[in-house]
Every structure is written in structure tokens, then in C-alpha cells.
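Make a model of the complete structure from these sequences and hints.
Which chain is which? The protein sequence lines are X and A, in order. Under our numbering, think of the first position of the first sequence as 1, with each following residue one higher. Under our numbering, think of the first position of the second sequence as 1001, with each following residue one higher.
No wet-lab data here; the hints were simulated from the structure. A couple of the hints might just be wrong.
The calculated DMTMM-like cross-link candidates involving lysine to aspartate or glutamate, where the alpha carbons are at most 25 Å apart (straight line), are [to be verified]:
{"#": "1", "chain 1": "X", "residue 1": "K42", "chain 2": "A", "residue 2": "D1105"}
{"#": "2", "chain 1": "X", "residue 1": "K68", "chain 2": "A", "residue 2": "E1030"}
{"#": "3", "chain 1": "A", "residue 1": "K1070", "chain 2": "A", "residue 2": "D1026"}
{"#": "4", "chain 1": "X", "residue 1": "K37", "chain 2": "A", "residue 2": "D1026"}
Residues from chain A that face chain X, not an exhaustive set, calculated with beta carbons under 7 Å [claimed, not checked]:
{"#": "5", "residue": "P1039"}
{"#": "6", "residue": "G1042"}
{"#": "7", "residue": "L1043"}
{"#": "8", "residue": "S1087"}
{"#": "9", "residue": "M1088"}
{"#": "10", "residue": "D1098"}
{"#": "11", "residue": "P1100"}
{"#": "12", "residue": "G1104"}
These numbers were taken from a predicted model, which means no experiment stands behind them. Even glycine gets a Cβ: it sits at the ideal position worked out from N, Cα and C.
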Amino acid sequence: GENVEQHPSTLSVQEGDSAVIKCTYSDSASNYFPWYKQELGKGPQLIIDIRSNVGEKKDQRIAVTLNKTAKHFSLHITETQPEDSAVYFCAAPSGYSTLTFGKGTMLLVSP
Amino acid sequence: DVKVTQSSRYLVKRTGEKVFLECVQDMDHENMFWYRQDPGLGLRLIYFSYDVKMKEKGDIPEGYSVSREKKERFSLILESASTNQTSMYLCASSFRGDQPQHFGDGTRLSIL
Chain X
1 GENVEQHPST LSVQEGDSAV IKCTYSDSAS NYFPWYKQEL GKGPQLIIDI
51 RSNVGEKKDQ RIAVTLNKTA KHFSLHITET QPEDSAVYFC AAPSGYSTLT
101 FGKGTMLLVS P
Chain A
1001 DVKVTQSSRY LVKRTGEKVF LECVQDMDHE NMFWYRQDPG LGLRLIYFSY
1051 DVKMKEKGDI PEGYSVSREK KERFSLILES ASTNQTSMYL CASSFRGDQP
1101 QHFGDGTRLS IL
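Now the structure itself:
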């Protein structure tokens, strides 16, 4: 099955700095990579995803990059704000319908 | 917007009880999932269903069962609750395998 490693487990930045979270996956056939944000007391929410036919995707202050050769993908958040503080999860397909999730990164943005 | 609703936000039960967690989605999604979330372990898949009355075991099915009698509803059952099943339980749904999963806000279950 798929194995997803996520780093770092915690990340502290100052407001306005950039934050980068990295994930690696094991199955070279994987072709869909979502990122979720989980705020306190809520379920994970999809914030961006990328498919294997593109190398980068942006949505305002967030971007995801994918390197299929190296089997890793990264989430980039620019100009961080306190409301970006949350737990972030990456995921990769582990079957036709299922996802394997990374263990999560707790991002803390200090004002 | 897709809405996934879990019936309880907090639940306290006793060891040995039979516990039902309910989940309803309103977008006619084919797939539904149950995860448990524990600190440092991320989200682990318990069971999923790709159609009415169809179910597949996930990574940690022991001690759990599921029921999907209607497309919009997916139930997780703890046959005889134990303290090691104290956790946050998350339900999710998706249209098909390569589409995003949408999550409910979770049920925090305590087994005493």
C-alpha cells in the first residue's frame, strides 16, 4: 500500500514569513495529491490539490509543487497570517477510492 | 457546498456498550469513509463504502463494523466499546475515487 511521510511535525513562523511543508509518497502510480487544513474543533478541509499531469498549482497565497521523479510534493504558504495557524495534512491515493494521509504538521503563525 | 453531518460532537459511553456513530451527506456521493484521529498518528481509515450495502475494511477495522443501508447515510458501530477506542472519529464522503473527500466536524468519543 501507499506510504506517506510528512515533515515537519511542527512549524513555527512569524507573521508575513513563508511556510513550507513536505511530503513523500511510495507508489509511483499515485496521481492525485490533496492538502487539507484542520482548524481546532473542526474536520479537515481541502485547501488545494494537484494531479500528476502538472508540476505546480497556485491559489492566492498557497501553492503546491509536485516532483514525480523524486516522489515528493510540497505545500507553500506565503505571507502567513495568524489565521493560517492549523494542522495541515497531505495525502496520496492508496486504492481507487481511498487516501493515505500524512501524520500532519501543526503550523503556528505568531503575530 | 457539500455538507457532511455527524450526529454527535461529543459522546461518552461505558466499556462494553454498543455504540453507534451516524454520518449523513447531502451530495449524492458514492463513497463514504470512517477515520479515527489520534495525536501523532494522523488519520487512519477504519472502513469505507463505495455503494449501498457495500463495505471494505480499512487499515484498522478490528472492533468496528459499519452499515450503509441508504446512499446518504453511513454508520460506524462499536460492537463492545473498549477504552482504547476513545478517540476523534471523522466521517468523509467523495463522488468517486479520484475526487476530493469532504469531512464532517468529527465526534469526540470517550469510553469510560
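Q.
Restraint: A:P1100 near chain X, CB-CB cut 7 Å. Satisfied or not?
A. Status holds, d = 5 Å.
Q) With a cut-off of 7 Å, does the beta carbon of A:G1104 approach a beta carbon of chain X closely enough for the hint to hold? A) holds, 5 Å
Q. Is the hinted pair X:K68 and A:E1030 satisfied, with a Cα-Cα distance of at most 25 Å?
A. Cα-Cα ~29 Å, so violated.
Q: Using Cβ atoms only, decide whether A:L1043 comes closer than 7 Å to chain X, and label the hint accordingly.
A: A:L1043 check passes; min Cβ-Cβ to chain X is 4 Å, inside 7 Å.
**Q.** When the least beta-carbon distance from A:D1098 to chain X is tested against 7 Å, hint result
**A.** Holds, because the Cβ-Cβ distance from A:D1098 to chain X comes to roughly 5 Å (cut-off 7 Å).
Q. Regarding the pair X:K42 and A:D1105, is the alpha-carbon distance no greater than 25 Å?
A. holds, 5 Å
Q. Between A:K1070 and A:D1026, is the straight-line Cα distance small enough, at 25 Å or below?
A. holds, 12 Å
Q. Going by Cβ atoms only, is A:P1039 closer than 7 Å to chain X?
A. violated, 9 Å
Q: Measure nothing beyond the straight line between the CA atoms of X:K37 and A:D1026; if it is 25 Å or shorter, mark the hint as holding.
A: Holds, because 22 Å separates the two Cα atoms, which is no more than 25 Å.
(Q) The hint names A:M1088 as touching chain X; please verify it with the least Cβ-Cβ distance against 7 Å. (A) Violated: closest Cβ of chain X sits about 9 Å from A:M1088, beyond 7 Å.
Q) Does A:S1087 pass the interface hint, meaning its C-beta sits closer than 7 Å to a C-beta of chain X? A) violated, 14 Å
**Q.** A:G1042 as an interface hint toward chain X, with CB separation required under 7 Å
**A.** holds, 4 Å
Consistency with the previously given hints fails for numbers 2, 5, 8 and 9, ordered from lowest to highest.
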